Amino acid sequence: MSIWEYANPLKFLNWTTKVLPWVAGCAAVCVSVGLIWGFFFTPDDYRQGSTVKIIYLHVPAALMAINAWLMMLVASLIWLVRRHHVSALAAKAAAPVGVVFTLVALFTGAIWGKPMWGAYWAWDPRLTSFLILFLFYLGYMALWSAIEDADTAADLTSVLCMVGSVFALLSRYAVNFWNQGLHQGTSVPVATGERTVADVFFVPLLISMVGFGLMFLALVLLRTQTEIRKRRAAALIARETT
Amino acid sequence: MIALLRRDLRLAIRAGGGFGLALAFFLIVVVLVPFGVGADMAVLGRVAAGVLWTGAILACLLSLDRMFALDFEDGSLELLVTSPLPTEGIVLAKAAAHWITTGLPLSLAAPVLGILLNLPPHGAVWMVISLLVGTPALSIIGAFGAALTVGIKRGGLLLSILVLPMYVPTLIFGAEVARRGSEGVALGSSLVMLCAISLLAVGLLPFAASKVLRINLK
Amino acid sequence: MLPDLGKYAFEVTAAYGVSLVLLAGIVAISWRQHSVARRQLKEIEARKDG
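Chains as they are written, first to last, in my numbering: chain E, 1 to 242; chain C, 1 to 218; chain F, 1 to 50.
Treat the hints with caution; some may be incorrect.
Stated by the list, open to error - Simulated restraints on C-beta separations:
#1 E:37 x C:40: 29 to 39 Å
#2 F:7 x E:36: 14 to 24 Å
#3 E:48 x C:192: 30 to 40 Å
#4 E:236 x C:1: 39 to 49 Å
#5 C:82 x E:149: 31 to 41 Å
#6 C:187 x F:32: 29 to 39 Å
#7 C:40 x F:31: 24 to 34 Å
#8 C:83 x E:21: 34 to 44 Å
#9 E:70 x C:78: 35 to 45 Å
Honestly, the hints are just simulated from the structure, not real lab data.
Just so you know, these numbers come straight off a predicted model, no measurement behind them.
Each residue gets a CB set at the ideal place from its N, CA and C atoms; glycine is no exception.
Given only the sequences and the hints, what does the whole structure look like? Please build it.
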């Protein structure tokens, strides 16, 4: 019994149906606690005023926007190498969720920019990179919906996801070069261990980040189930008509 | 491969679409810009490099959807892929034909159109250089996009949605080279980066494009 | 009940409001598609067995 057993579509449906309520429940709790704590019970920053509260949305959404793409990349690779249908469907399922996170990150970033930079939109490298990431998501989803044959669509989108990742990364550096930014440095530097955010802000932020991660997981599982059932229904209908 | 390149070039020239259309489109875009931003020569001179680059990118898109589509429809693409020629070679030949019919004439026409936008003479030199270095990347990235969408009816719009985001790095570095050149500032690493992108694209993307082509013809 | 948000009240509430609407939107859409797919598959499977 290897780990790949869990990727069998029917098994996948079984075990995800069991864990999904728990994941969704934890996600709901973490997101609510993080956001309510952040919105109601954190002090204002002495410099940024109450806008610092946007961080509890902005940073987790931005983090998950990138992680969603990475997850799609891994799922695409698994599909190309091992040809597990669930993997391809999971990548497809993740894309719209990633788009929403990207939109949230863009929107909160823009609205944060208004008081901080004096304009809703500044061509700040990070913000611009997210806009480009958004375009890549759109192209990826458009390609999925344009191709009728499911396996061909999975193949093509997987290759697009890999090539797109390279170009997205390249754009990130190009944009950095193009316009040195207004953006503050990373708020949660994991590697250096040094934090620029004080504990009062950091704890709810961490909870919110965990919450967004779990929410992503729950949504992807749910949407993958949907895709599997759709595929199965289509296959059964095809069998009926022949 | 050379024969394929020759054949594609001949077809493009005979159809008349190749050289003329992209150039005409480029000219129109450049003429439209002053109507949009006003005839202030100082402003035009400042945006000239960026406008020429953006115009060149849009002009490149025009003929992309025909790169594989025509051969796909009449079945000759299938013959080509099953021929002993490696699929990567086919992609390269197609991209080269596209570059010769669009990238090359665009690069050469850019300084002439630059006059309309008050591009300084020493800027024109850098404009040509940056376009000559950058447009091969545009053609090969476009070939990848065209290979992705070859089986899709009316894939033209989808093609541009897929390809344009991938043009961003090339555009940034290309326009940067042209802008710095025309302002007479040191180029920094921009030209090196532009060369690197072109080389990487030409070296690696044919593999991705040929994989995609073979999936589409399966 | 609302905390004092100072002069940035509009920005902060707008950011929270729009983000929550977006997130609720993706959850609602996913959930609806999920139940539709589930129902349809059940119907088809019932037809097959029956």
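Check: Do the beta carbons of residue 48 (chain E) and residue 192 (chain C) sit within 30 to 40 Å of each other?
Finding: 39 Å, holds
Note to self: Taking 24 to 34 Å as the stated bounds, is the beta-carbon spacing between residue 40 (chain C) and residue 31 (chain F) within them?
What the structure shows: 55 Å, violated
Note to self: Is 14 to 24 Å respected by the C-beta to C-beta distance linking residue 7 (chain F) and residue 36 (chain E)?
What the structure shows: 23 Å, holds
Notebook entry, point to check: Within 35 to 45 Å or not, the Cβ separation of residue 70 (chain E) and residue 78 (chain C)?
Noted result: About 36 Å separates the Cβ atoms of residue 70 (chain E) and residue 78 (chain C), which means 35 to 45 Å holds.
Item checked: Outcome of range test on Cβ distance (residue 83 (chain C), residue 21 (chain E); 34 to 44 Å) -> 56 Å, violated
Notebook entry, point to check: Has the hinted range 29 to 39 Å been met by the Cβ atoms of residue 187 (chain C) and residue 32 (chain F)?
Noted result: 54 Å, violated
Margin query: Please check whether residue 37 (chain E) and residue 40 (chain C) have a Cβ separation lying inside 29 to 39 Å.
Written below: 53 Å, violated
Check: Should the hint that residue 82 (chain C) and residue 149 (chain E) are 31 to 41 Å apart at their CB atoms be regarded as holding?
Finding: Because 20 Å falls outside the window, the suggested range is violated.
Next item on the list: Can you let me know if the beta-carbon spacing of residue 236 (chain E) and residue 1 (chain C) is within 39 to 49 Å?
Entry: The hinted range 39 to 49 Å holds for residue 236 (chain E) and residue 1 (chain C), with Cβ atoms some 47 Å apart.
Violated hints for the displayed structure, listed by number in ascending order: 1, 5, 6, 7, 8.
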